[in-house]
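There are 2 protein chains.
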Amino acid sequence: MTLDPSRLGPMANAIRALSMDAVQAANSGHPGMPMGMADVATVLFSQFLKFDPAAPHWPDRDRFVLSAGHGSMLIYSLLHLTGYARPSMDDIRNFRQLHSVCAGHPENFELAGVECTTGPLGQGLAMAVGMAMAERHLNAGFGDSLVDHNTWVVAGDGCLMEGINHEAIGLAGHLKLGRLNVLWDDNRITIDGDTDLSTSEDIAARYRATGWHVTECDGHDFADIARALAEAAADPRPSLVACRTIIGKGAPNKQGGHNVHGAPLGADEIAAAREYLGWTSAPFEVPTDILSDWRSLGAKGASARAEWEARLAGNANAREFSRRMAGVLPQQLPAFDAYLASIAESQPKVATRKASESALEALTVDIQEMVGGSADLTGSNNTKTKATTPFGADTYGGRYVYYGIREFGMAAAMNGMALHGGVIPYGGTFLVFSDYCRNAIRMSAIQKQRVIYVLTHDSIGLGEDGPTHQPVEHVMSLRAIPDLLVFRPADALETAECWALSLKEAKRPSVLALTRQNLLALRSDLENKSARGAYRLKAAEAPRKVVLLATGSEVALAIDTAKVLEAQGIGADVVSMPCWELFDEQDPAYRADLLPADALKVSVEAGITLGWQKYVGDGLTIGLDRFGASAPAEQLFEYFGFTADAIVKKITVKL
Amino acid sequence: MTLDPSRLGPMANAIRALSMDAVQAANSGHPGMPMGMADVATVLFSQFLKFDPAAPHWPDRDRFVLSAGHGSMLIYSLLHLTGYARPSMDDIRNFRQLHSVCAGHPENFELAGVECTTGPLGQGLAMAVGMAMAERHLNAGFGDSLVDHNTWVVAGDGCLMEGINHEAIGLAGHLKLGRLNVLWDDNRITIDGDTDLSTSEDIAARYRATGWHVTECDGHDFADIARALAEAAADPRPSLVACRTIIGKGAPNKQGGHNVHGAPLGADEIAAAREYLGWTSAPFEVPTDILSDWRSLGAKGASARAEWEARLAGNANAREFSRRMAGVLPQQLPAFDAYLASIAESQPKVATRKASESALEALTVDIQEMVGGSADLTGSNNTKTKATTPFGADTYGGRYVYYGIREFGMAAAMNGMALHGGVIPYGGTFLVFSDYCRNAIRMSAIQKQRVIYVLTHDSIGLGEDGPTHQPVEHVMSLRAIPDLLVFRPADALETAECWALSLKEAKRPSVLALTRQNLLALRSDLENKSARGAYRLKAAEAPRKVVLLATGSEVALAIDTAKVLEAQGIGADVVSMPCWELFDEQDPAYRADLLPADALKVSVEAGITLGWQKYVGDGLTIGLDRFGASAPAEQLFEYFGFTADAIVKKITVKL
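So the sequences go chain by chain: U and A.
Just so it is clear: in the first sequence, position 271 is 271 by the UniProt record's numbering, and no numbers are missing.
Just so it is clear: in the second sequence, position 495 is 495 by the UniProt record's numbering, and no numbers are missing.
Keep in mind that the hints are not guaranteed to be accurate.
If several chains are the same, the list does not tell them apart, and a pair holds so long as it fits within one copy or across any two.
Unchecked claim - Derived PhoX-like pairs: lysine-lysine, alpha-carbon spacing no greater than 25 angstroms straight-line:
1) LYS300 <-> LYS50
2) LYS529 <-> LYS614
3) LYS650 <-> LYS614
4) LYS507 <-> LYS529
Calculated directly from the structure, the hints in this document are not laboratory data.
Sequences and hints are given; from them, build the entire structure.
Here you go:
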């Protein structure tokens with residue numbers, strides 16, 4: 001069948017038919033891309049992609065990323081045609097319906113074979129960079145016999161125009177990720193019209209400027225596609241293949257225009273397309289011979305996979321490799337346990353960013369799959385440890401990535417690494433610049449990935465850098481994202497606890513919000529109390545009238561406040577709440593015990609108060625509902641009312 | 001003095017001395033950039049920049065943007081030396097202290113002469129693109145005699161590595177903004193170390209690929225700098241000048257290394273620098289002759305400004321030009337008034353995105369300074385009107401920008417346009433992709449700029465595109481940003497009201513969160529009730545036991561719910577809350593009247609519930625605390641419990 005257009009053509013048309021029929025049935029969706037890229041995808045899957053539909057989680061499979069996720073019918077068609085268990089034809093019939101695995105955009109948690117969830121433009125390609133990084137890293141550790149695969153991406157003009165594309169390809173070019181190949185659907189159409197409405201860029205030149213190999217092909221000429229893909233696969237640099245395509249190819253009256261991008265073709269045009277393509281089957285039917293050609297591709301991968309399984313069985317590192325790929329932590333963490341004991345004893349007064357570094361020093365020894373990094377704030381985020389030597393084009397075995405000033409690119413790459421498996425990524429930037437990568441953090445959560453964000457300088461406590469750098473709304477804004485754990489630890493011990501909890505969460509991402517300024521040690525016991533999200537750090541001595549709820553750097557302030565209250569005969573509990581999400585998961589009795597109805601509840605956090613009403617009800621919120629200011633931290637805390645005396649005054653008015 | 005190094009050298013050293021002394025006194029800050037770029041800045045201000053320190057708001061001044069905002073002492077030095085009223089030398093002495101106008105990063109609201117607030121990397125340059133767009137647009141309308149200036153930017157490696165740089169320069173190149181010139185501090189150092197730690201990019205080639213002119217110079221050779229800047233000024237394309245500099249130039253033992261980037265030099269190195277530079281003055285003292293050279297530059301601009309004032313006085317459009325530059329709306333909005341009357345009458349059932357389009361059709365006729373656009377979602381955001389013809393390289397008079405798939409670039413450009421003045425920018429994307437430009441929205445608020453974000457597809461009501469496109473946490477996350485008005489109107493009339501309110505806010509940005517799906521008309525009166533942020537749309541008929549608080553598409557659902565409750569003899573108010581921020585500014589009596597203590601308060605909003613406790617207290621929150629799903633909208637609303645029956649059931653349990 002190799003390069004036989006008489007067979008590849010109908011195979012590609014099967015994609016076109018399924019795509020236009022599914023979009024029509026759903027009465028929404030994007031036929032343009034799947035129809036335009038059907039020929040390219042057919043060549044990729046038939047000649048280049050290493051995959052086994054019977055084992056979609058095979059670690060050494062090639063990764064295929066549909067970065068232009070709106071063209072989801074392309075991947076649903078491919079998975080079905082090549083013989084994955086799902087989607088079935090019924091799944092495809094239910095495209096975009098409630099509970100269908102064929103969602104509007106491809107979702108990794110719905111379908112094996114969908115390597116990542118795409119739709120937010122630019123991120124698929126940027127995640128693919130992370131996958132390619134993970135591949136080279138594991139290859140350095142486990143060798144060619146276990147890890148030797150490519151990452152293939154289909155991307156559209158949108159993916160390339162987004163800012164994140166610059167960050168992603170800059171990183172990939174710098175790291176010389178030659179096994180990453182991007183097939184650009186170069187159709188010169190965006191939603192608003194021709195690309196020249198908004199861009200005049202020489203994309204090939206831009207990619208070359210960042211160290212990429214660039215080639216092009218006629219995206220509807222099978223031989224030319226195969227030639228270009230072979231060139232891309234062979235080149236030692238990451239490759240961009242500009243596939244000149246006609247959007248909606250096959251819909252004779254609409255192809256090549258922007259109206260075919262994101263709307264059903266309509267019954268008339270579908271009829272015309274059937275005639276144009278010579279496709280006589282009913283909707284959602286694929287002729288047996290064409291399906292058989294597709295299924296033979298799927299079967300082809302089985303032998304490659306069997307050989308790999310045999311190699312794994314004979315590999316001395318098989319157990320460790322499999323443990324890492326399964327995402328299971330080592331059973332023992334001796335260095336970390338020793339570290340915990342040491343700080344419980346030594347009671348260090350340190351910034352939580354520094355405490356995080358100390359925790360990481362131990363954890364990165366115990367957990368070899370941790371790969372760290374920072375978006376050019378290594379010395380500020382305290383993310384580098386002795387065990388994590390630099391990861392670079394000549395040192396893929398390294399475990400520390402100098403991501404450069406690329407927050408969004410870093411976050412997406414971390415998603416890609418986690419999705420690839422075998423690696424637990426963590427990376428740092430300033431908390432305020434979580435804004436720059438916010439949608440990738442959201443995508444960590446949607447995709448259920450263990451990605452750990454080390455976000456330092458977590459309040460006005462950073463001081464002089466001023467309002468552009470002071471995250472007043474960010475902790476709460478991150479709490480707003482579903483399925484994301486937001487930790488704001490209060491001292492070195494809580495920081496270590498939160499690290500341990502983040503790492504244990506195999507299916508959720510975590511944020512660690514950490515201080516620039518030093519914090520007193522508040523506890524010396526070794527029970528991981530942060531695990532319940534909140535706990536009573538200090539019980540009232542006088543009859544309890546007040547419960548102070550605080551996080552991070554404000555927990556010590558809450559303790560000071562409680563002392564002043566107790567001196568006035570007002571009993572006050574202090575509850576440290578390092579993680580709201582875990583607290584919300586506790587049983588009602590535990591929660592009610594911490595938040596008694598008969599006490600005035602007072603929140604203390606150096607950020608916006610919006611949201612705290614959830615716990616304090618009609619109580620009192622102490623916070624900062626405005627942008628900060630540039631000044632030394634101690635002055636700012638005093639100026640904005642974060643002192644025990646100022647808080648006590650407000651409490652006594654309210655009591 | 002022209003190009004006399006014997007005078008320019010000491011002038012540049014004045015910047016160096018002030019910068020290192022101020023950072024030392026503050027014991028924090030960034031000496032590396034100001035010292036490295038002192039020579040370039042001296043040439044720019046002495047030979048190229050059009051400015052008059054006595055009239056910092058002169059509309060036809062050149063705009064100078066310090067995109068690398070951490071180097072704030074560069075601009076503070078320049079403003080002081082050239083004779084702006086502020087900063088005084090005392091201001092500089094108080095660098096980074098509470099209430100000082102010399103904040104850690106330059107703040108447009110603190111100092112005239114600071115054109116925009118910078119610090120978040122990449123955004124200064126991207127705002128400069130917007131300034132250059134506004135300049136060409138106003139030039140097209142008012143001619144060379146009133147509008148004929150350049151935009152100059154100083155940017156660092158960080159600004160260039162950020163993703164937004166790709167979007168910004170792509171837009172600038174496409175629009176052929178030849179009056180935009182970027183002076184890149186090419187020092188090959190980032191915070192983490194040498195740039196080659198994280199990038200291998202050929203930056204010049206990348207800029208050329210997007211239609212830019214690129215030249216370079218020795219950033220410490222005055223003649224070479226002047227040659228390059230002249231070349232940049234003359235070229236019809238936007239220009240990048242790669243200024244090869246030594247970071248921290250003048251600090252003999254630290255210059256050229258990354259440790260000089262962001263920390264005080266220390267007393268010893270400052271002493272060494274004084275010797276190296278031959279600078280014998282005490283800290284915060286500038287020798288009279290050097291200061292006099294600087295002040296003469298400042299004085300030079302006065303004559304150019306006087307000539308311009310004379311031209312303005314004789315210009316037939318002077319009144320209109322001045323009105324626009326002052327940011328004052330036209331006194332009458334006849335088309336908009338007529339539109340309001342027509343929908344109060346016709347009661348259209350439309351999506352609020354469509355109602356927004358209709359409001360805009362009228363507003364863009366009435367308010368000629370409105371310049372719209374969309375990040376490639378024109379037909380979805382409904383942002384284009386008949387009055388707003390395309391803005392392009394050949395049509396700078398146009399008022400609609402096809403921003404391309406560049407959300408962050410669009411938002412920053414809008415900030416730049418607003419900062420430039422004479423233009424009121426609005427632009428659209430999907431609400432979920434506010435994530436992509438979130439920090440620029442924050443910067444609209446910090447900078448107190450009237451920028452209007454049209455964010456459509458505002459809930460699961462968008463249906464089939466699924467969780468990656470469904471903004472469940474975004475409305476609340478935007479409410480979290482201080483000084484930002486978040487509007488979520490409930491019908492066509494509220495949408496028009498919210499538009500009117502957004503436009504009236506001369507010093508605050510606004511978000512309009514708008515539906516994809518059609519909504520019933522709920523009101524017919526013409527009082528702008530949205531102006532109070534919330535109002536009672538329906539009063540209880542039976543004795544009031546419940547108050548339903550809702551926004552946007554859920555207001556109609558709240559009314560349906562109230563009907564069911566009333567039928568059961570349970571009186572229920574319905575309060576529409578299109579804008580929390582405006583409601584919070586109402587007097588306590590008004591707020592208490594809407595939120596009576598003796599009723600069960602119930603919020604209804606198709607997004608996260610976190611935050612609503614602020615208004616409902618111990619009441620009930622109806623919302624969606626998880627990611628959405630891909631399905632037709634009506635099914636999703638039902639599936640997630642957004643039906644009158646489901647809500648009534650929860651209410652009656654609670655009553």
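Here's how the hints hold up against the structure:
no.	hint	result
1	LYS300 <-> LYS50	within (9 angstroms within a copy, 69 angstroms between copies)
2	LYS529 <-> LYS614	within (21 angstroms within a copy, 28 angstroms between copies)
3	LYS650 <-> LYS614	both (19 angstroms within a copy, 18 angstroms between copies)
4	LYS507 <-> LYS529	within (21 angstroms within a copy, 46 angstroms between copies)
Checked against the numbered hints listed earlier, the structure breaks none of them; every hint is satisfied.
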